[in-house]
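Each protein sequence line maps, in turn, to chains A and B.
Numbered according to my numbering, the first sequence terminates at residue 202, and the numbering increases by one at each position without gaps.
Numbered according to my numbering, the second sequence terminates at residue 569, and the numbering increases by one at each position without gaps.
In short, the hints are calculated from the structure, not lab data.
Computed from a predicted structure; not experimentally measured.
Built from N, CA and C at the ideal position, the CB exists for glycine as well.
One thing to keep in mind: the hints can contain errors.
[As the list claims (entries may be wrong)] Part of the chain B face toward chain A, derived, beta carbon under 7 Å:
{"#": "1", "residue": "Glu218"}
{"#": "2", "residue": "Arg492"}
{"#": "3", "residue": "Asp494"}
{"#": "4", "residue": "Asn495"}
{"#": "5", "residue": "Leu497"}
{"#": "6", "residue": "Leu498"}
{"#": "7", "residue": "Tyr506"}
{"#": "8", "residue": "Arg510"}
{"#": "9", "residue": "Glu513"}
{"#": "10", "residue": "Asp528"}
{"#": "11", "residue": "Phe532"}
{"#": "12", "residue": "Glu533"}
{"#": "13", "residue": "Asp535"}
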Amino acid sequence: MGVRPDNRLADAPMHPVACASCAGRVLVRKASWHQTSVQWTDEAQAACTSWSPGSAVLGFPPVCDRLRTSIADAVLDGTLPVVGDEQ
Amino acid sequence: MSDAQTGTTEVRHIKHEAVPTRFARGWHCIGLEKDFKDGKPHSIEAFGTKLVVWADSQGELKVLDGYCRHMGGDLSQGTVKGDEVACPFHDWRWGGDGRCKQIPYSRRVPLRARTRTWHAMTQDGMVFVWHDHEGNPPIAEQAIPAIEGGPSDPTWTDWAWAQTVVDTNCREIIDNVVDMAHFFYVHHAFPTYFKNTFEGHTATQLQKGVNRDDMRPAEVAIGAPKRLGNTSVATYHGPSFMIDDLIYHYEHGDTRTVLINCHYPIDENSFVLMYGISMQRPEVEDDDPAAAEALAAKMVATVRLGFEQDVEIWRNKTRIDNPLLCEEDGPVYQVRRWYEQFYVDVADVRAEMTDRFEFELDTAKPIEAWQREVDENVARRAAEAAEAAALQPQDA
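In isolation and in its complexed conformation, chain A is listed as follows (with noise of 0.2 Å):
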């Protein structure tokens, strides 16, 4: 079988983005401000501190909200680019 590799990588790959409150370090891609993909490891999910469950009655999904944070400083200070800031 073996799954390709997604096609909007290849121009954007995804970027290292630690957690400013946990030692987790994570792979973050960001086509918008408003679009984020998240790759975690054990070893981030294990460093995780604040994590929320969510609720599926409710409609919240589970999430960090200090990783969140992390992601958004990130963007603000230039360290993780915006795929669409690019054009």
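Following the hints, position chain B against chain A.
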């Protein structure tokens, strides 16, 4: 850089390998428990073979290979005798443990009279069969979770259930979990929020949507109340069984439902698609005690329409291993990477298939484009209606 930007004229070719000859490892729902407990053996064509399913004298469901190891008779066409299924060809009696218990016309049962058994379990009124190409027993972490609400809760309706055969490889339906745009174009829905999360053996889609003003006539035609929108959290637990906590927002309030979307492969080119809805009964019961059931049945009819729309696409499309995605598409490659874990040997499951991956879509541009399209449809229909009214001969 796109072709338009670089000025390249090279044509992109669609690529696809042959469909896998294996079937996914995991629990597969094969239908409702009550349908198998009628004292008869049932035939299930699945995983490239035929299974026989029956209930023993204690009401416990048993699943064996469908073909009798004696002369190849079809056990599912036989009868249940005591705890055993009896072959219609020569009355060999097979127990749920896979052993031949008795051959009425023979002094003794030959050695090695043992057939393949399939792990089965029942939960929330559904029957599940475990498939593993390596022949290992069920993996505990892949247990199907009990449903919150649903038919086991008396304040919810029983399953309104339906099934259909789809003649394509089942990867197509897995792709749907990440495909936001098709909900607008194929299903006439209007997603406004869309996020996927894959982790371990689960793949989740969180979707919020509003109803389309240009699609109200269809709603009115089936007598459904005016719906404002929906919030859906749908999770595949393993390769084939999705539980969707689906809340419909109406003018009069919310209705909680659980939608099951599941399938099992018949062979590599076809699968049985099944779906069911259970709905939380309204707090103020209608005069008609069956009103909630009737509404759930109506809902499952609309789900059927939705799947028929998918099937029409699948019937005509090609398999494609290298989809060309834009930034407003979902994580098609990543959901396939997740799905692949069920096809490789357990020893070959790689971290990238099971590590948590999140993909939140930017819906700004889709919402803008779709709202314009909806507005245009509404305006055009109003103009057509006005034109038709003007052409009506006036009564003298």
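May I ask you to test the interface hint for Glu533 (chain B) with respect to chain A, counting a Cβ-Cβ separation under 7 Å as satisfied? Cβ of Glu533 (chain B) sits 5 Å from chain A, so the hint holds.
Closest C-beta approach of Leu498 (chain B) to chain A relative to 7 Å, hint status: 6 Å, holds
Asn495 (chain B) was flagged as interface toward chain A. Is the shortest Cβ-Cβ separation under 7 Å? With a minimum Cβ separation of about 5 Å from chain A (threshold 7 Å), the hint on Asn495 (chain B) holds.
Interface restraint verdict for Arg492 (chain B) against chain A (beta-carbon cut-off 7 Å): Because about 12 Å separates Arg492 (chain B) from the closest Cβ in chain A, which is outside the 7 Å limit, the hint is violated.
Interface restraint verdict for Asp494 (chain B) against chain A (beta-carbon cut-off 7 Å): At about 6 Å, which falls below the 7 Å cut-off, the nearest Cβ of chain A leaves the hint on Asp494 (chain B) intact, so it holds.
Hinted contact Phe532 (chain B) with chain A - closest CB pair below 7 Å: Hint on Phe532 (chain B): holds, closest Cβ of chain A at ~5 Å, below 7 Å.
Holds or violated: is the Cβ of Asp528 (chain B) closer than 7 Å to a Cβ in chain A? Hint on Asp528 (chain B): holds, closest Cβ of chain A at ~6 Å, below 7 Å.
Hint status (Cβ of Leu497 (chain B) to nearest Cβ of chain A, threshold 7 Å): 6 Å, holds
Would the stated hint for Arg510 (chain B) survive a check requiring a Cβ distance to chain A of less than 7 Å? With Cβ-Cβ at 5 Å, under 7 Å, it holds.
With a cut-off of 7 Å on the beta carbons, see whether Tyr506 (chain B) makes it to chain A. Holds. Min distance 4 Å.
Are Glu218 (chain B) and chain A close enough, Cβ to Cβ, to be under 7 Å, as the hint says? 23 Å, violated
Using Cβ atoms only, decide whether Asp535 (chain B) comes closer than 7 Å to chain A, and label the hint accordingly. It holds, given that the least Cβ distance between Asp535 (chain B) and chain A is near 4 Å, below 7 Å.
Of the numbered hints listed earlier, those contradicted by the structure are 1, 2.
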